[in-house]
Amino acid sequence: MPRIPLIADNADPRISAVYDALRSGGHTGFPNLYRLLGHAPAMLNAWTGLAWPLRNAATTPRGLRELMILRGAQIMGADYEWTHHVPMALAAGMTQAKIDALADWRKGEVYTDIERVVLRLAEEITIGPGASAESIAQARNYFNESEIVELVLTSSFYACVGRILHSLDVPMEA
6 MPRIPLIADN ADPRISAVYD ALRSGGHTGF PNLYRLLGHA PAMLNAWTGL
56 AWPLRNAATT PRGLRELMIL RGAQIMGADY EWTHHVPMAL AAGMTQAKID
106 ALADWRKGEV YTDIERVVLR LAEEITIGPG ASAESIAQAR NYFNESEIVE
156 LVLTSSFYAC VGRILHSLDV PMEA
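Take any residue in the sequence shown, count from 1 to its spot, add 5: that is its number in my numbering.
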């Protein structure tokens, strides 16, 4: 049970605008995370102002970003995040074998070198305090500076998501 009650999509016109934007983007439901963040409409708007571009406007491959998100969710035990992002990872071309091997990615032979680089970044960022100079140097072998910023932002943002999910005890949608 959430620590703060879920709110309806018509509770506030500012929240309804976010709901409408989701619906126009093809979403059929409104995530419980947003139903909790909606208690602070300005923060929900700021949240979607970062979350949606990270998801839809980044230039780095979506599959790599989803792999980072899943590894972070796994480390944090963020089941809500994991459940929402497995289908996104699969839709972005990530294989079920790679998702299944994620806990032991260093030993698994299913990952490419570039995937190992982003998984290392995800682990360092999620566990903290952040990505090491060595990991950023490795990332430079595959990504330009803009792409490295996208990857660091993605992993950092979704580590924040996991912490909010735990703090508010966000339930899965019915």
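Wrong hints could be hidden among the right ones.
Claimed, not checked - Below, simulated SDA-like cross-link-like pairs (lysine to any residue); rule was C-alpha separation at most 20 Å, straight line:
{"id": "1", "residue 1": "Lys112", "residue 2": "Ser140"}
{"id": "2", "residue 1": "Lys112", "residue 2": "Ala96"}
{"id": "3", "residue 1": "Lys112", "residue 2": "Arg125"}
{"id": "4", "residue 1": "Lys112", "residue 2": "Glu155"}
{"id": "5", "residue 1": "Lys112", "residue 2": "Ala102"}
{"id": "6", "residue 1": "Lys112", "residue 2": "Ala97"}
{"id": "7", "residue 1": "Lys112", "residue 2": "Thr100"}
{"id": "8", "residue 1": "Lys112", "residue 2": "His89"}
{"id": "9", "residue 1": "Lys112", "residue 2": "Val154"}
{"id": "10", "residue 1": "Lys112", "residue 2": "Val157"}
Claimed, not checked - Cβ-Cβ distance ranges computed for the label pairs, FRET-style:
{"id": "11", "residue 1": "His44", "residue 2": "Met93", "range": "38 to 44 Å"}
{"id": "12", "residue 1": "Thr100", "residue 2": "Arg8", "range": "35 to 41 Å"}
{"id": "13", "residue 1": "Arg121", "residue 2": "Pro10", "range": "41 to 47 Å"}
{"id": "14", "residue 1": "Thr64", "residue 2": "Asn15", "range": "33 to 39 Å"}
No wet-lab data here; the hints were simulated from the structure.
Computed from a prediction, not measured in an experiment: that's the story for all the values here.
Beta carbons: idealized from backbone N, C-alpha and C, even for Gly.
A quick look at each hint next to the structure:
no.: 1; hint: Lys112 with Ser140; verdict: 18 Å, holds
no.: 2; hint: Lys112 with Ala96; verdict: 25 Å, violated
no.: 3; hint: Lys112 with Arg125; verdict: 13 Å, holds
no.: 4; hint: Lys112 with Glu155; verdict: 26 Å, violated
no.: 5; hint: Lys112 with Ala102; verdict: 13 Å, holds
no.: 6; hint: Lys112 with Ala97; verdict: 23 Å, violated
no.: 7; hint: Lys112 with Thr100; verdict: 17 Å, holds
no.: 8; hint: Lys112 with His89; verdict: 26 Å, violated
no.: 9; hint: Lys112 with Val154; verdict: 27 Å, violated
no.: 10; hint: Lys112 with Val157; verdict: 23 Å, violated
no.: 11; hint: His44 with Met93: 38 to 44 Å; verdict: 26 Å, violated
no.: 12; hint: Thr100 with Arg8: 35 to 41 Å; verdict: 36 Å, holds
no.: 13; hint: Arg121 with Pro10: 41 to 47 Å; verdict: 42 Å, holds
no.: 14; hint: Thr64 with Asn15: 33 to 39 Å; verdict: 36 Å, holds
Comparing the model with each numbered hint stated earlier shows that hints 2, 4, 6, 8, 9, 10, 11 do not hold.
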